[in-house]
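Trainee: Quick mapping for you: the protein sequence lines, in order, are chains A and B. For the first sequence, numbering that gives the first Met the number 0 gives the first residue as 0, with consecutive numbering after it. For the second sequence, numbering that gives the first Met the number 0 gives the first residue as 0, with consecutive numbering after it.
There's no promise every hint is true.
[What the hints assert, rightly or not] No more than 25 Å apart at the CA atoms, straight line, and that leaves these computed lysine to any residue pairs for SDA-like:
(1) A:Lys-167 with B:Pro-324
(2) B:Lys-292 with A:Leu-61
(3) A:Lys-276 with A:Val-256
(4) A:Lys-167 with B:Lys-292
(5) B:Lys-292 with A:Arg-85
(6) B:Lys-292 with B:Arg-357
(7) A:Lys-167 with B:Arg-357
(8) B:Lys-292 with A:Leu-71
(9) B:Lys-292 with B:Ile-208
(10) B:Lys-197 with B:Ser-559
(11) B:Lys-168 with B:Pro-561
(12) B:Lys-168 with A:Glu-269
(13) A:Lys-276 with A:Gly-315
(14) A:Lys-167 with B:Met-326
(15) A:Lys-146 with A:Glu-269
(16) B:Lys-292 with A:Leu-272
(17) B:Lys-292 with A:Glu-269
(18) B:Lys-292 with B:Pro-525
(19) B:Lys-292 with A:Gln-69
(20) B:Lys-197 with B:Thr-630
(21) B:Lys-292 with A:Pro-228
(22) B:Lys-292 with A:Gln-75
(23) B:Lys-168 with B:Ser-559
(24) A:Lys-146 with A:Leu-272
(25) B:Lys-292 with A:Trp-60
(26) A:Lys-240 with A:Thr-298
Keep in mind the hints are simulated off the structure, nothing from the lab.
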Amino acid sequence: MTRGGAALGACAALYAAAAGAAPAQTALDPAGPQAAHIHTLWHLMLWMCTIVFVLVVAAAWLAVLRRRRQALETPQLHESPAQSRRLTRVVATAVAVSGFGLIVLVVASVATDRVLARMPHDEALHIELTGHQWWWEAVYDNADPSKVFSTANELHIPVGRPVIFTLKSNDVIHSLWVPNLHGKKDLIPGRVATAEMRADQPGIYRGQCAEFCGYQHAWMGLLVVADPPDRYTAWEDQQRKPGAEPSDPQAVAGRAVFESTTCAMCHTIEGTLANAKAGPDLTHIASRMTIGSVALDNTPSNRAAWIADPQQFKPGSNMPAHNLPPETLGPLLHYLDTLQ
Amino acid sequence: MTARAIGEADGAFERPGDERDSAEIPRERGGIMGFLTTVDHKRIGVRFIVTAFVLFLFAGVLAALMRLQLAVPENNLIGPDRYNQIFTMHGTTMMFLFAVPIMEAMALYFVPLMVGTRNIAFPRMNAYAFWVYLFGGVMIYTAFILDVGPDAGWFSYVPLAGPEYGVGKRSDFWAQLITFTEVSGLLVAVSVITTVFKQRAPGMTIERIPLFVWAMLATMFMILFAMPAVMVGSTSLILDRLVGTHFFNPAEGGDALLWQHLFWFFGHPEVYMIFVPGLGIVSAIVPVFARRKQFGYPAMVVSLIATAFLSFGLWVHHMFATAIPDMGKGFFTAASMVIAVPTAVQLFCWIATLWTGRPALRVPLWYILGFFFILVLGGLTGLMLASVPLDLQIHDTFFVVAHLHYVLIGGAVFPLFGGFYYWFPKFTGRMLSERLGLWNFWLFFIGFNVAFFPMHILGLEGMPRRVYTYSAAMGWGTLNLISTLGAVTIVISVALFLVNVARSLRSGAPAGANPWDADTLEWRLPSPPAPGNTQGIPVVNSRTPLWDDGIVGEVRGLASSPPEVLVTSGLDAHPDHRMAFPTPTIWPLVAAIATTALFIGSIFTPWAVVWGAIPVTIAMIAWFWPSHAETRRHRALEKPPFAEIAKARGEERTA
Numbered sequence: 000m001t002r003g004g005a006a007l008g009a010c011a012a013l014y015a016a017a018a019g020a021a022p023a024q025t026a027l028d029p030a031g032p033q034a035a036h037i038h039t040l041w042h043l044m045l046w047m048c049t050i051v052f053v054l055v056v057a058a059a060w061l062a063v064l065r066r067r068r069q070a071l072e073t074p075q076l077h078e079s080p081a082q083s084r085r086l087t088r089v090v091a092t093a094v095a096v097s098g099f100g101l102i103v104l105v106v107a108s109v110a111t112d113r114v115l116a117r118m119p120h121d122e123a124l125h126i127e128l129t130g131h132q133w134w135w136e137a138v139y140d141n142a143d144p145s146k147v148f149s150t151a152n153e154l155h156i157p158v159g160r161p162v163i164f165t166l167k168s169n170d171v172i173h174s175l176w177v178p179n180l181h182g183k184k185d186l187i188p189g190r191v192a193t194a195e196m197r198a199d200q201p202g203i204y205r206g207q208c209a210e211f212c213g214y215q216h217a218w219m220g221l222l223v224v225a226d227p228p229d230r231y232t233a234w235e236d237q238q239r240k241p242g243a244e245p246s247d248p249q250a251v252a253g254r255a256v257f258e259s260t261t262c263a264m265c266h267t268i269e270g271t272l273a274n275a276k277a278g279p280d281l282t283h284i285a286s287r288m289t290i291g292s293v294a295l296d297n298t299p300s301n302r303a304a305w306i307a308d309p310q311q312f313k314p315g316s317n318m319p320a321h322n323l324p325p326e327t328l329g330p331l332l333h334y335l336d337t338l339q
Numbered sequence: 000m001t002a003r004a005i006g007e008a009d010g011a012f013e014r015p016g017d018e019r020d021s022a023e024i025p026r027e028r029g030g031i032m033g034f035l036t037t038v039d040h041k042r043i044g045v046r047f048i049v050t051a052f053v054l055f056l057f058a059g060v061l062a063a064l065m066r067l068q069l070a071v072p073e074n075n076l077i078g079p080d081r082y083n084q085i086f087t088m089h090g091t092t093m094m095f096l097f098a099v100p101i102m103e104a105m106a107l108y109f110v111p112l113m114v115g116t117r118n119i120a121f122p123r124m125n126a127y128a129f130w131v132y133l134f135g136g137v138m139i140y141t142a143f144i145l146d147v148g149p150d151a152g153w154f155s156y157v158p159l160a161g162p163e164y165g166v167g168k169r170s171d172f173w174a175q176l177i178t179f180t181e182v183s184g185l186l187v188a189v190s191v192i193t194t195v196f197k198q199r200a201p202g203m204t205i206e207r208i209p210l211f212v213w214a215m216l217a218t219m220f221m222i223l224f225a226m227p228a229v230m231v232g233s234t235s236l237i238l239d240r241l242v243g244t245h246f247f248n249p250a251e252g253g254d255a256l257l258w259q260h261l262f263w264f265f266g267h268p269e270v271y272m273i274f275v276p277g278l279g280i281v282s283a284i285v286p287v288f289a290r291r292k293q294f295g296y297p298a299m300v301v302s303l304i305a306t307a308f309l310s311f312g313l314w315v316h317h318m319f320a321t322a323i324p325d326m327g328k329g330f331f332t333a334a335s336m337v338i339a340v341p342t343a344v345q346l347f348c349w350i351a352t353l354w355t356g357r358p359a360l361r362v363p364l365w366y367i368l369g370f371f372f373i374l375v376l377g378g379l380t381g382l383m384l385a386s387v388p389l390d391l392q393i394h395d396t397f398f399v400v401a402h403l404h405y406v407l408i409g410g411a412v413f414p415l416f417g418g419f420y421y422w423f424p425k426f427t428g429r430m431l432s433e434r435l436g437l438w439n440f441w442l443f444f445i446g447f448n449v450a451f452f453p454m455h456i457l458g459l460e461g462m463p464r465r466v467y468t469y470s471a472a473m474g475w476g477t478l479n480l481i482s483t484l485g486a487v488t489i490v491i492s493v494a495l496f497l498v499n500v501a502r503s504l505r506s507g508a509p510a511g512a513n514p515w516d517a518d519t520l521e522w523r524l525p526s527p528p529a530p531g532n533t534q535g536i537p538v539v540n541s542r543t544p545l546w547d548d549g550i551v552g553e554v555r556g557l558a559s560s561p562p563e564v565l566v567t568s569g570l571d572a573h574p575d576h577r578m579a580f581p582t583p584t585i586w587p588l589v590a591a592i593a594t595t596a597l598f599i600g601s602i603f604t605p606w607a608v609v610w611g612a613i614p615v616t617i618a619m620i621a622w623f624w625p626s627h628a629e630t631r632r633h634r635a636l637e638k639p640p641f642a643e644i645a646k647a648r649g650e651e652r653t654a
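Extracted from the complex, chain A is given alone in its bound form (with noise of 0.2 Å):
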């Protein structure tokens, strides 16, 4: 069983402006103003550090093993005072350079902090992010109520535009993470944060839950799809349309299999009887990537499998086995995937 892996390389074939095949998720290769300036202090620190590091380790393994022997001979008790002088000095200097580099890097993590707090806003996309166990739920926000829309798991943002996240917790803390674009941000029942991304490059980056959060912590993943601007707003008209209307029998079965069994009781198909919370929004499952956040492919045989029993592949998950006759799975499945 492949997870999350071989058709989404697929998909990032799309963005083949991107630089990578496979979706991102790395902190060595930013994407974002947020996630390169904190590489550049990255390379800064690692930089003096290994410097620090090689002095430090090679005096005291020289120390030692320049004059090594087996024997303990008589303890030396006293040690002249120009020695002693001459070891204060070298102890203190040491001890000035290693002061001065801290204070190098205090300045240098500050300033850095500063410039990510006062990054611009002009024009930001406002996405609310709840997190569940074990899957996201996000809302795009809009100053017009009826552009307001929901998805799950898969966010789609403009290239170069500023995304402010208002993050919430429904459950135990979470911690959004997208190490391409920026650090993380916990998500704090009780509580309500905001952090700041911008992609300025389009590619996929994976995003995953970086707070211990239960069983299926594991496979909390994310995918944030950073698309060119036109591309984005076809993909947000396309959101904010409510649930496909079935165009064949088959279909309209589907839908009726999801409104009259379980399905209805967590999940959300705007346009249809299904409105409920407690599990992702599936208005559009079809045009997702992946299910399962992003523990599994989005593929029809997939889903079949998910659906039969989401236990074997996210053990604790909150989703039950559906055990369905064929004749009722099918024609849901059929639903779902024009789900687009």
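Chain B: place on chain A using the hints.
Mentor: Just chain B now, with coordinates in the frame of chain A:
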């Protein structure tokens, strides 16, 4: 050059007819009752060390299981439920049941020997502290085996560990384990602090205290101030879970973040409670193997104390991702970096000592070289974590896993293994094999770096902590496999250490009193030291008493039955008075059993606190009940001193 032989000193001050001296050094009771009733700090210290080491092995096995699960992507060896219990138990055991207790145990064993006294202060309380600790460990492992082991991480963040999401009794066992170990830790801290302040050998003024003892003193003060915070936290947690208080429930006016403040106000100093004793061990080993006095003693002492203070100002760097105000972040970044200064001072002083010495490169010194390499690397990655922006990227990733193991294994476990090789002859009277020791060291050193260095890269490449598996598409498989191979190497290394210990116990070379020609007072006594340690209390006039004839005499006249201890003044260690110490008794064990019943019972019903308090009270009363026979024996010794004894004592004082 070496110490004046004990026999010599004996002769100098022996006065026939003095009843106090005529009694032999107190004999320990043998048999099972002797085992259960002892209050000798060395017997308790050794069993404390052995218990902590066994728990270290347990936690190591759990670590190996985690590494096997993570060796390849999408592995099905261990499911998420068991995996979460395993990593929680690993962290909880290492932090609460191994690292801090073994350092307490080292203090329990060596501080009285190094300050030249006959037993630790409050010896019965120490026996009780050990039993409480042991029963806590037994409880948590019993729960784990029964599949009710805690599964919310060693940090037990609410609400995941709270009543709503932490269902069952798993987190209750965790919260009560904290209570067990903290009770034990606080009692040991009080004992060690009292011993250092009031029982030092006459003449061991404050500027002659060995650095190991200073480090332990600083640690015990940290325990005293930090542990109450986590006890408040764990008690509030169990109240939330058991009786429905809402300390951490935002829906009822509580706060999920409050837990993190309470936990890390303890949790960050805890790192230093583990690391500062490590510094103490390094300071004990370096001068002995450099064959010269430690350079910069006052700077070393000030650095230890500064570290202990500063360690309380850093806790928020565990919480940078939780929306802390900017001003606060700047402060905690600066504080987290400033604490590097006292550590740097100590590193440079050790290097200066080694550089100007004639180093004898034996196994303990190899471990110090390993310490330098690993700890410095871990300290530098710590600076990266102290920086708010960088921390936001590497926080809660495998980078932190690498960092914390570099700091704790480098800063505590390598010195500890060096310390085992150094002091094993003192514990047992036999040497460990140098050849096996070198294998042990190199396999540990290489295995450690192979296991943990790749984790830095994994973290930067986006691998979060505490995941039971990961997708093959992430490309983290190779480094994880390498890391697992390193873990296997560590397992082999620790197994070799156990072989070394077993062989030495059977047929190791006899060590004699001072095999390393070391400088501190514990090496003056036979290996292992007799019960009651010493008949005469040494009078010292040097920081390195065994090197420069620093023992100028002995204080005699302390009775052995009931055992008497010489109490001295805090700063200058002037003899103050004799004090009768408690005798062996079963009551600390009984009280510990009653306490255990109370703690475990309160996991299931709040009424256990009410009814459980009764047996605890009874046991404590019996524990403190004065014994008429003992009082009679003690009073019989209280008679006006003979003129010659008075004269002899006068000579000692002036000496």
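Trainee: It remains to establish, for every hint, whether it holds in the given structure.
Mentor: Hints versus structure:
Taking the CA atoms of A:Lys-167 and B:Pro-324, the gap is near 18 Å; set against the 25 Å cutoff, the hint holds. Proposed proximity of B:Lys-292 and A:Leu-61 is supported: the alpha carbons are some 19 Å apart, at most 25 Å. At roughly 18 Å between alpha-carbon atoms, A:Lys-276 and A:Val-256 fall within 25 Å of each other, so this suggested pair holds. With a C-alpha separation of about 59 Å, the suggested pairing of A:Lys-167 with B:Lys-292 is violated against the 25 Å cut-off.
As the CA atoms of B:Lys-292 and A:Arg-85 are separated by approximately 16 Å, the hinted pair is consistent with the 25 Å bound. Among the hinted pairs, B:Lys-292 with B:Arg-357 is consistent with the structure: their alpha-carbon atoms are about 11 Å apart, no more than 25 Å. This hinted pair does not check out: A:Lys-167 and B:Arg-357 have alpha carbons roughly 62 Å apart, beyond 25 Å. A threshold of 25 Å between alpha carbons decides the hint, and for B:Lys-292 with A:Leu-71 the separation of about 14 Å falls inside it, so the pair holds.
Between B:Lys-292 and B:Ile-208 the CA atoms are separated by roughly 14 Å; this keeps the pair inside 25 Å, and the hint holds. In summary, the hint linking B:Lys-197 to B:Ser-559 is supported, as the alpha carbons are separated by about 19 Å, within the 25 Å threshold. In summary, the hint linking B:Lys-168 to B:Pro-561 is not supported, as the alpha carbons are separated by about 47 Å, beyond the 25 Å threshold. With a CA separation close to 41 Å, the supplied pair B:Lys-168 and A:Glu-269 exceeds the 25 Å bound.
Among the hinted pairs, A:Lys-276 with A:Gly-315 is consistent with the structure: their alpha-carbon atoms are about 19 Å apart, no more than 25 Å. Simply put, A:Lys-167 and B:Met-326 have alpha-carbon atoms about 24 Å apart, close enough for the 25 Å limit, and the pair holds. Between A:Lys-146 and A:Glu-269 the CA atoms are separated by roughly 13 Å; this keeps the pair inside 25 Å, and the hint holds. As the CA atoms of B:Lys-292 and A:Leu-272 are separated by approximately 83 Å, the hinted pair breaks the 25 Å bound.
With a C-alpha separation of about 79 Å, the suggested pairing of B:Lys-292 with A:Glu-269 is violated against the 25 Å cut-off. With a C-alpha separation of about 23 Å, the suggested pairing of B:Lys-292 with B:Pro-525 holds against the 25 Å cut-off. For the hint linking B:Lys-292 to A:Gln-69, the alpha-carbon distance of about 19 Å falls within 25 Å, and the restraint holds. The suggested pairing of B:Lys-197 with B:Thr-630 holds, with an alpha-carbon distance near 23 Å, which does not exceed 25 Å.
Restraint check for B:Lys-292 and A:Pro-228: not satisfied, since their Cα atoms lie roughly 71 Å apart, outside the 25 Å limit. About 7 Å separates the Cα atoms of B:Lys-292 and A:Gln-75, which keeps this hinted pair within 25 Å; it holds. Between B:Lys-168 and B:Ser-559 the CA atoms are separated by roughly 49 Å; this puts the pair beyond 25 Å, and the hint is violated. In summary, the hint linking A:Lys-146 to A:Leu-272 is supported, as the alpha carbons are separated by about 20 Å, within the 25 Å threshold.
Taking the CA atoms of B:Lys-292 and A:Trp-60, the gap is about 19 Å. The hint holds against a cut of 25 Å. Proposed proximity of A:Lys-240 and A:Thr-298 is supported: the alpha carbons are some 22 Å apart, at most 25 Å.
Checked against the numbered hints above, the structure breaks hints 4, 7, 11, 12, 16, 17, 21, 23 and satisfies the rest.
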